[in-house]
Amino acid sequence: MILLRAIRLLWSAAPSAMVRGAFAGVLVMAMGAALLGLSGWFITATGAAGLMGVGIAFDVFRPSAGIRFLALGRAAGRYAERLWTHDATLRALARLRVVLMADFARKPMAELRRLRGSALLVRITADVDALDGVLLRLVLPLLAGLASHALAFALLWWLVAPQIAGAVALGYLLGGAVVFARLIRRSTALAAQAETQAQTLRRQMLGLIRGQRGAILQGTLPQRAAEITQTETTLRAAHDTLDRAERNAAMGLSAVVAVLVALVLWLADGLVQNGALSPAPAALGLFAALALAETLLPLRRGVAEIGRIQVAARRILGTPIQTVATPPAPHPTARGLVVRDLTVPHPARDTALIHGLSLDVAPGKTVALRSPSGSGKSTLLDALAGLHPATGDICLNGLQLNAWPEREMRAILTLVPQRTALIGGTIRDNLALATDDSDDDQAAWNALEAVALDDVIRTRGGLDARLGEGGAGLSGGESRRLALARAILRKPMILLLDEPTEGLDAPLARRVLHGIRTALPEAAILTASHREAETQMADQTIDLQSYI
Amino acid sequence: MKTTAPLPLDPASARQLRRASLTAALASALWPVQAGCLAMMIHAWVTGGNASAALLAAVFALTGLARAGLERWASGQAFAAADQTVHALRQTLLDREPRLLRADVSSAEIAALYGQKLPLLVPYLTRYKPAMMRVRVVPLLLIALVAWHNWAAALALLIAVPTIPLFMALVGMAAKDASAKQLVEIGDMNRLLVDHLAVMPDARLLGGLDRSRAVFAASAEALRDRTMAVLRVAFLSSTVLELFSAIGVALVAILVGFTLLGEVTIGTWGGSLSVYQGVFILLLAPDVFLPLRDLASAWHDKASAEAVLDELADLEARDTAAILGTGARVAALPGAGSVTIQDAATERGPLPDLVVPAGGSLALVGPSGAGKSTTIEAIAGLIPHSGHLRVAGAPLTDATADAWRARLALVPQRVHLPDMPLDRYLDPHGRGGVAEALRLAHAAHIVAALPDGLGTVLGETGAGVSGGEMRRLLLARAFLSGADVILADEPTADLDARTAAQITQALIAAKARGATVIVATHDATLAEAMDQTLEVKA
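Chains as they are written, first to last, in my numbering: chain A, 117 to 664; chain B, 45 to 582.
Think of the hints as simulated: they come from the structure by calculation, not from any bench.
Predicted model, so just to flag it, every value in this text is computed and none were measured.
Yeah, the Cβ is synthetic: ideal placement off N, Cα and C, and Gly gets one too.
Hints may contain errors.
Covered stretches of chain B (in silico footprint by chain A; criterion: 3 or more residues with CB under 8 angstroms from a CB of chain A, positions within the stretch not fixed) [what the hints assert, rightly or not]:
1) 80–86
2) 109–119
3) 136–147
4) 278–285
5) 316–323
6) 400–410
Please construct the entire structure, taking both the sequences and the accompanying hints into account.
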């Protein structure tokens, strides 16, 4: 079951922290029950002793010390429990996200690029958030509750009476099971549906605000708003039903406690009346039964969310991880990029974008592709980088493209696409995507200098300067140049650049192109652009127009 | 210190919430009845007295069931009030935001506020508010009942709850800090993930997927470290609460025990303490602290709700002028499609004076930032203006803007394509004539090459068509709408010469069909194709 897989994954992130947290949880519950039970026993026993006039002989020291110990121990236990469970959860959160990233790493490039659409990212983070609750609200309380009951059962059997122990354990387990089973049945499908509705609502609102000009100009604003209100109405109805199921569960749990304690009271009375049980242990049983109610209540929220969690788990962990066998590393026989008779199909249509293209880029040479916008130069570069199917020959360093294992191919060929992204974090973190040797400051500065970004970074505070979310803090042109610097750090033998100087003015564009060539004197560079700065600096210009 | 925006509760919801809270408090106040049943039973066991176990068990169970019922009703009422409140706030946002063209707040922020953040008010209303009411009512009531039997035990409880408000403030301040911090940190982990997912295509090209994961793991680990350092302090405050509640119960238990033994004689109002009284007091003691614990655990809800309310107030306070009109579909404004601007200005600066007769055309040229786009937007009624701006002979106002836009089409620089099939997008009102419009806009071959033709859904970022293709589709849409006034903002920017020429031709074709055309452009060829050229100066 998918839920179990999610639990296993999260648990394995920090098993020892999990066990510690669960253990502390049991300790807290058990001590709570023991505190109330012992206190009840103490008062009943002292009451009996007082009545019989043997007050002086009664050993008050040990019970009262026990009560004090339990009181302090419970508070300390709670502190430890909260710390340990949160620590474990945070580790699990990180682990879950790393696994998610590893999963995504195996997805096709087109799918990865679509990820930049924020709606999908919002969904993924919402799903991850839902999974975050599994441990803290479901697994740990459930384990702690079951362990507490096992412990209580043994103690009640020993100290009170088997009947009482059995009634408490059975009553809580059965009662809890019935209430939670009902809650799961009522809420599972609905919680998933409500989540879908909530995401539709967010997407519709985002769409309306993003496209507000279009909607205003077309006069469709009221219609679109009405559609959103419609979704909200459905969502509210679903939440109302869900909340009712949760309320009923809460009432059911309270009813279980009330009836069970009443039952224990009645059972204990029978035992006391026929002399099988003395009053003090009977009181202990009664108080313990009351205190064990705490094992059920924390589970309510987690159980109500099971449906939502399952949907999230299915979406996040649903795709099985497959490993691809890597072919042996090839031995290059030549250098540079050679393309013969290449035909590239359109990514979304049933036509060919480019027919019969042949070109050579020798080491140290620069070739510029010139083409009208939308004519497929980005798709062509994707094909050359092995991201898009094509027929014909593409030879990297004398070997067919598809003979290269991914890792070795990326080591000699780097593509800088038209749209690039940065991460929040330091400049160093961003450059670390390109090189294993992220501590080599000299190489980093050289690369930044090549793209005329060194002064900018220096004034920002150097390589450890922090960028905001998505690299916020750099201008569009600066971000572009940082992406180029990343590519230089790869020291590729073949460098493919898609509109490398977009957003830069002509003098800066020339400086950056010159910098790249100086930094990589031996690289075969292929650029795609319609800018003059780029075609001017190339050794050869190919007009793609003739291959369309 | 920053004051939090008040909660916008309508009077009916406020009353409903108060009723719910009071009912929940009443349910808690029924506990002494149940405690009394248990105490009587134990008293009977110890003294060998007569008490009907069946009767006591029945009263205990029935009172418990009554409490459960009351609580269920109360939480239903609280939920209804919360749901109504969130709905009203959402409606306000939905009515207001689409008509404000905000430059400083991203659409994602508004959508997140509307979709994800406003629901955070629900737990605040359904958990925190009732807990607050219980804290006000229940502990004092229970302590008074304890005092009735034994003032020393009541005093012990009062000591353990030093002064409730002080206690709450203490817990509250620390808990708020902690939860606010924790919210931010966990949020950070998600932002980190979003960043790393967005950078994945780049990471793959750089052969750096493993490295990207390592960077993420290291950042997440640093984050965990920081968070735990905060939590270690923050959890102390709730531990204080636990400690006081445990010590309170322990103190009462020991005190009552010693009193029953006869070793302590103070606090019993002169008489002696019966077993019934002792057990009763002991059973009330934990419940004195229960409301406080509920409140502490709901503090998190309060902190997040306050953050949402602050954001809401902040959004409201950002003064952005609304569009003219409502954005609804109305009958087109009658009259010839002329545009006249004289001595007019927007809040961004003055508008150039211009006169474009019906069927005429104008190119706005000039440096970036001179106000060309602003002029186009003002003519479309997207930003308000002062001074004279007449369209089709009538002043452009809230009353005329919708009717004016009904005959107007605007081709913007950047386009957001909604998730809908192309034919519905091109022709939202079902007027027909799609093929002819596509031909005029040089867009027929673009559609022909799409996988599902006119049925293709062009996703969030318009996947499948390039920027130049998109603008031609928009021009086709402009023709389809039957618009006789076409505004275009930099329609040929960033395009190669051939595509730019096609767009220019499409605009000339529109002109030839009698449309009034106004473009903002840097493109000299396009500017020359217009009847007049107006240089806009910064």
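Hints versus structure:
1. 80–86: holds (count 4)
2. 109–119: holds (count 7)
3. 136–147: holds (count 6)
4. 278–285: holds (count 4)
5. 316–323: holds (count 4)
6. 400–410: violated (count 0)
Consistency note: the structure conflicts with earlier hint 6 alone.
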